[in-house]
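A.B. asks: Put chains B and C on the given structure of chain A with help from the hints.
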Amino acid sequence: MRARWRWAAGWRGLVLLAGLLSLWEVLPRLGWVDPVLLPPFSRVVVRLATLAGSGALWRHAGASLGRVLSGYGLSLAVALPLGFYLGLSERAEQFARLTVQLLRPLAPPAWIPLALLWFGIGNPPAVFIIFVGTVLTVLVGTIAAVRGVDKRLVQAALTLGAGRFRATLEVLLPAALPELLTLVRLGMGLAWMCVVAAEMVAVRQGLGFLILEARNTFSTDTVLAGMLAIGLVGLGLDLLLRLLQRRLLRWQSGRKAYELLGDPGAGQGLWRGGAGAGSHPLD
Amino acid sequence: MREGEFVAILGPSGCGKTTLLQIVAGLERPSGGEVRFHGRPVTGWGRERTLIFQESTLFPWLTAQGNIEFGLRMLGLRPAERRERAREALRWLGLKGFAAAYPHQLSGGMQQRVALARALAVDPALLLMDEPFAAVDAITRGRLQEEMRRIQDVHHKTVLLVTHSVREALLLADQVVVLTARPARVCLQLPLSRPLPPAALLEWEEEIMRSLTDGDGAREDQGAGDKVQGAR
Amino acid sequence: MRRILLVVLLLCGISLLGCGHRPAGPLQIGVRTANDHVPFYIADREGLYRDAGLEVTVRLVPSNTEIVEALQRGDFQMGAVPVTTAITAIDRGAALRIVAMTGRGSDGLLVRADSGIATWEDLRGKRIATIRASILEVLLRLALEEHGLDAERDVSLVYFQQLGDMVSALKTGQVDATSNTEPFLTDAVRQGWGRILGYYTEQWPDHPCCVVLARQDFLQQHPEAVEGILRVHVRSVNWACADPGYAAQVIVEYLQAFDPELVQASLSREKMSVDYHLTGEEIARMAALMYRQGLLEHDPAGLEFVDLEPLQRALEEAK
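Going down the list, the protein sequences come from chains A, B and C. Quick note on numbering: the working numbering labels position 269 of the first sequence as 261, and the sequence is numbered without any gaps. Quick note on numbering: the working numbering labels position 225 of the second sequence as 1679, and the sequence is numbered without any gaps. Quick note on numbering: the working numbering labels position 181 of the third sequence as 191, and the sequence is numbered without any gaps.
The shape of chain A in the complex, shown without the other chains:
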């Protein structure tokens, strides 16, 4: 029962995608959409293949990936510990709150002029923009994750003889881990979305740069190929992180609320002992 449910889910995902792709192919060819504005899907795929074959795609993707990993890695290194600290210390968080809320709405492109001024050209400003575009979100999320831990778990630890430090490290951290891992995954998606903005500043390679250049030279098929590449790499990263999540959280399970409330007929699977855990897209 469970296997069949899973298989059906994958099949459905493909159906929608296939539908959209056929539209993408057919509408420009029929002229219902100006092919100069939206080239057919097949042409975009050919362009992508050409870029891959010439090695250009890998160079660009590698450059962008490097920047994203650096920028996001930096973000995590700063936001996770800081978030833990602020999550635990009410007073410290009060100090920080206003500043964080003021800075958060600033979208990455808004930081470009400052990035150029402070870091010059090339990789540093790009990495900075990715850092700045993700750090506050991860910070706020970490604070929430830390505060969201069931306090009784900590109480149990304390009354079992754990000191403050050990209780934080050995109980609070693992308890917050599921939410933190989801946060890291979502943050990675956010970091990857900053790529185009980050590469608006004087770089010579990168998927964002590829798209920008393609736009300025009116190569819409390259724009779309670049977008496709970005989407695929982002997907790959997400899958990797999801794998990591599953590996680290093997102790998790249990029925999720949405499984009971979501689709009609799905809940019945539960009664028959089917449709278990692990199929949540955000898991």
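Everything labelled a hint here was simulated from the structure, so no lab data went into it. The reader is advised that the hints may include incorrect statements.
To be verified - These stretches of chain C come out as covered by chain A in the derived footprint (C-beta under 8 Å, 3 or more residues):
hint: 1; region: 88 to 102
hint: 2; region: 211 to 223
hint: 3; region: 243 to 257
What the hints assert, rightly or not - Quick list of the computed label-pair ranges, beta carbon to beta carbon:
hint: 4; chain 1: A; residue 1: Gly228; chain 2: C; residue 2: Glu307; range: 28 to 34 Å
hint: 5; chain 1: A; residue 1: Arg89; chain 2: B; residue 2: Gly1493; range: 40 to 46 Å
hint: 6; chain 1: A; residue 1: Arg51; chain 2: C; residue 2: Arg323; range: 38 to 44 Å
hint: 7; chain 1: A; residue 1: Leu61; chain 2: B; residue 2: Pro1466; range: 56 to 62 Å
hint: 8; chain 1: C; residue 1: Leu16; chain 2: B; residue 2: Pro1466; range: 51 to 57 Å
hint: 9; chain 1: A; residue 1: Gly140; chain 2: C; residue 2: Ala267; range: 50 to 56 Å
hint: 10; chain 1: A; residue 1: Gly181; chain 2: C; residue 2: Arg323; range: 56 to 62 Å
hint: 11; chain 1: A; residue 1: Gly140; chain 2: B; residue 2: Thr1667; range: 53 to 59 Å
Note that CB positions come from ideal geometry on N, CA and C, so glycine has one too.
C.D. replies: Chains B and C in isolation, oriented as in the chain A frame:
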């Protein structure tokens, strides 16, 4: 409380039973009065006053054995010794074979057994239990109560149990304290002699029910009722 | 299943919106905020289109790409963009034609006065800022070639999106030179920190800079309107040439940047010229150069870039 004594606190919901336990555990501060433990006022938490919750509150990322070993790790025992003590606790509570199970794989009753094993493994001077058997079904509850009684008969631990089951209190306790609704005051204190003769059981049950439904001050008024002497 | 069908229909509906709409009413000409588009500013300011019986709105757009995109969508019927942008767009399949010139020259290489770079040879190993696939890059590569330098190996090209950013980068030392355009070149010199290493007119005298584009279907359907607009264009160009002081004034007014003295200084004959004349040969030459540099996808020999008829007719009428 005296050492080795099993005290059950009964009272209607919301009268502050849980808060009382939290104060004794050192997790909350009282707004008035004080708690003394081993002659000294309680200022914080510690392993000598272990708390067991209504929801088992096991660490979900650890196996049953891992949970039990947690407190032992905090004590700094060596791995071999930890494993031995944990296995013994598992045996004592009839959990043999479930050592490698994760909490989500265990039933409610099993989880509470593990929680109990976890607490007993660190050998606390005072065991605090907050309606520990309330969240399981009646049959399991009965079994767990029998189990608790058996452990108590052998180990004579000092236990402070909070419950709203009269039967449970009478089954397990050496002394029953009945609290009124908010603001809670002690309205009844019953020393019991074990084993309890069946006739006395019914009698006490009635009396307790009466005082619970009456509300306040039927029998001995022990004053504010928030002064509990610890065992020396 | 029904839900999926609904989504599909919705997407069809949305896609139809992208089918290019033509606004009824006045014709739209998109021009950039740049010196050599001053004929359009003058025409707009003096109401020359109205005098010619045309209903025209001149729209100022800061980005060449956006002008071409608007032309492709049909939001604009005509526009003024750099010649390289026009050639690239046509190479990529846009149904546009170049119908007139609007400016020549005005592009060159800027360095810091104190950098010790006095000749093109001194550029070896240096970083040069430019805008990818623009006239600034095309002419830079030409100039480097003619001075015996390899654009890939002897220098390091750094790509920017904005002219102003390149000037800042040069000033702060992040790059050693920038291929840029007036009035930024003269401005840097006047401020005292910049030196112009050379104008690209040295390599290609009177090279085309910006051109006037028209949608092909507009040309076919309303040739008389195109003629009329070009007649106005000729008038404005002549006006600007005859009275540079006035032209500078208008530029300052429309761009709301730079001061009149600076603009007038940058309009001097050696540096740039406002012009309407256009030949097919010079466009072909530019296209061939771009093709050689790998900027075009198709062999330009097989492409139609120019339609000179409207301009010729406009000039005959003027006689």
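A.B. asks: Are the hints correct? Go through all of them and say.
C.D. replies: Hints, verified against the model:
Only when three residues or more bring their CB closer than 8 Å to a CB of chain A does the claim for the region 88 to 102 of chain C stand; here the count is 3, and the claim holds. For the region 211 to 223 of chain C, the assignment as covered by chain A is violated, since 0 residues bring a beta-carbon within under 8 Å of that chain's beta-carbons and 3 are needed. By the rule of at least three residues with a Cβ nearer than 8 Å to a Cβ of chain A, the coverage given for the region 243 to 257 of chain C is violated, with 0 such residues. The hint said 28 to 34 Å for the Cβ distance between A:Gly228 and C:Glu307, and at roughly 30 Å that hint holds.
Judged by the Cβ atoms, the range 40 to 46 Å given for A:Arg89 and B:Gly1493 holds: they are separated by roughly 44 Å. One distance hint, 38 to 44 Å for the beta-carbon pair A:Arg51 and C:Arg323, is violated here, with the actual separation near 50 Å. The hinted window of 56 to 62 Å between A:Leu61 and B:Pro1466 holds, with their beta carbons roughly 59 Å apart. Here the CB-CB span from C:Leu16 to B:Pro1466 is close to 56 Å, well matched to the stated 51 to 57 Å.
Between A:Gly140 and C:Ala267 the beta carbons are some 52 Å apart, a value that agrees with the proposed interval 50 to 56 Å. For the hinted restraint 56 to 62 Å between A:Gly181 and C:Arg323, the CB-CB distance of approximately 57 Å keeps it satisfied. As the Cβ distance of A:Gly140 to B:Thr1667 is approximately 40 Å, the hint placing it in 53 to 59 Å is violated.
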